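Please put together the full structure from these sequences, using the hints given.
Under my numbering, think of the first position of the sequence shown as 2, with each following residue one higher.
None of these hints come from the bench; they were simulated from the model.
Remember, it's a predicted structure, so these values are computed and weren't measured experimentally.
Backbone N, C-alpha and C fix where the C-beta goes; we use that ideal spot for every residue, glycine too.
A few of these clues could be false.
Stated by the list, open to error - Derived CB-CB ranges, DEER-like: (1) ARG28 to LEU168: 22 to 30 Å; (2) GLN165 to ARG217: 18 to 26 Å; (3) ARG68 to PRO111: 20 to 28 Å; (4) MET15 to PRO105: 20 to 28 Å; (5) THR21 to GLU79: 15 to 23 Å; (6) GLY91 to GLN165: 48 to 56 Å; (7) PRO109 to ARG88: 22 to 30 Å.
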Amino acid sequence: MKERITTDRHFNGMAEKFETALYNHTRGRLRLALLTRAIESSIPMQGQPLVDVGAGLGQMAHWASERGHPVTLLEPAEDMLAAARERLAGSDACFHQRDLQSLPDIAPGPWPLMFCHAVLEWLIDPQAAVRLLADQLALGGWLSLMVFNEDALRFSNVVKGNLQKVLDDQLAGFGTRKRLTPISPLRHEEVVRWLEAAGLEVKSITGIRVFHDYLRERDPDEATLERLFELEHRYCQRDPYWRLGRYLHYSVYRPS
Numbered sequence: 002m003k004e005r006i007t008t009d010r011h012f013n014g015m016a017e018k019f020e021t022a023l024y025n026h027t028r029g030r031l032r033l034a035l036l037t038r039a040i041e042s043s044i045p046m047q048g049q050p051l052v053d054v055g056a057g058l059g060q061m062a063h064w065a066s067e068r069g070h071p072v073t074l075l076e077p078a079e080d081m082l083a084a085a086r087e088r089l090a091g092s093d094a095c096f097h098q099r100d101l102q103s104l105p106d107i108a109p110g111p112w113p114l115m116f117c118h119a120v121l122e123w124l125i126d127p128q129a130a131v132r133l134l135a136d137q138l139a140l141g142g143w144l145s146l147m148v149f150n151e152d153a154l155r156f157s158n159v160v161k162g163n164l165q166k167v168l169d170d171q172l173a174g175f176g177t178r179k180r181l182t183p184i185s186p187l188r189h190e191e192v193v194r195w196l197e198a199a200g201l202e203v204k205s206i207t208g209i210r211v212f213h214d215y216l217r218e219r220d221p222d223e224a225t226l227e228r229l230f231e232l233e234h235r236y237c238q239r240d241p242y243w244r245l246g247r248y249l250h251y252s253v254y255r256p257s
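Written as structure tokens, this is what we have:
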């Protein structure tokens with residue numbers, strides 16, 4: 002059996018893969034559309050300064066910047082950050098080629114608004130990252146947190162016929178080559194436990210792509226995609242569907 006990665010996974014040299022293999026396909030488009038809707042419906046977006054930790058190609062920072070938020074981006078991969086700079090050209094955004102653990106030194110809080118999307122599942126110690134984010138969040142501040150859902154990974158492997166893999170509980174990725182199965186997929190219960198232990202309150206939970214990733218047709222046409230988006234929106238916070246979202250989004254508040 003391969004040995005699993007023992008360090009955090011960064012995505013140096015993979016900006017083009019993310020752009021073409023994810024965001025140019027329906028799964029990436031749905032992810033962004035559902036995520037922005039989840040944030041708008043549950044977090045007060047009032048132009049407050051924002052730090053985007055693990056900002057990737059900069060789509061979410063750009064979305065917030067267009068809505069009047071001064072944005073600071075942290076992203077450890079050089080080519081990812083270069084793409085983010087290009088996307089936010091002309092804005093007053095601040096860019097740092099650093100990882101999540103560098104936040105207290107490079108862009109310390111307290112931050113009234115923080116984004117951390119699809120980052121924790123690529124860390125060896127995601128619980129420590131939750132504590133760090135909580136320490137940098139202002140009293141009365143909001144954290145938009147999205148994580149890769151282990152339950153969805155298990156279910157999708159069963160659908161694909163990978164039964165022994167599921168029976169052996171060998172779901173996490175190895176962090177090798179350009180594979181994109183996270184090294185630390187997360188369970189809802191542990192995420193909530195970590196957030197509460199850090200003194201944070203979960204105000205809203207949304208499943209991101211609760212249906213799409215189980216379809217036989219992975220890239221539906223535009224008419225089908227429109228209906229699918231409506232279904233995703235309708236059921237993304239209803240039991241039991243939200244629990245099978247490929248990602249889980251948490252709108253998190255630090256009480257003042």
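Results of checking the hints against the structure:
1. ARG28 to LEU168: 22 to 30 Å: 27 Å, holds
2. GLN165 to ARG217: 18 to 26 Å: For GLN165 and ARG217 the Cβ distance comes to about 22 Å; the hint holds.
3. ARG68 to PRO111: 20 to 28 Å: 21 Å, holds
4. MET15 to PRO105: 20 to 28 Å: Cβ of MET15 to Cβ of PRO105: about 27 Å, so the range 20 to 28 Å holds.
5. THR21 to GLU79: 15 to 23 Å: Because 18 Å falls inside the window, the suggested range holds.
6. GLY91 to GLN165: 48 to 56 Å: 52 Å, holds
7. PRO109 to ARG88: 22 to 30 Å: At 25 Å between Cβs, range holds.
In the structure shown, no violation is registered for any of the earlier numbered hints.
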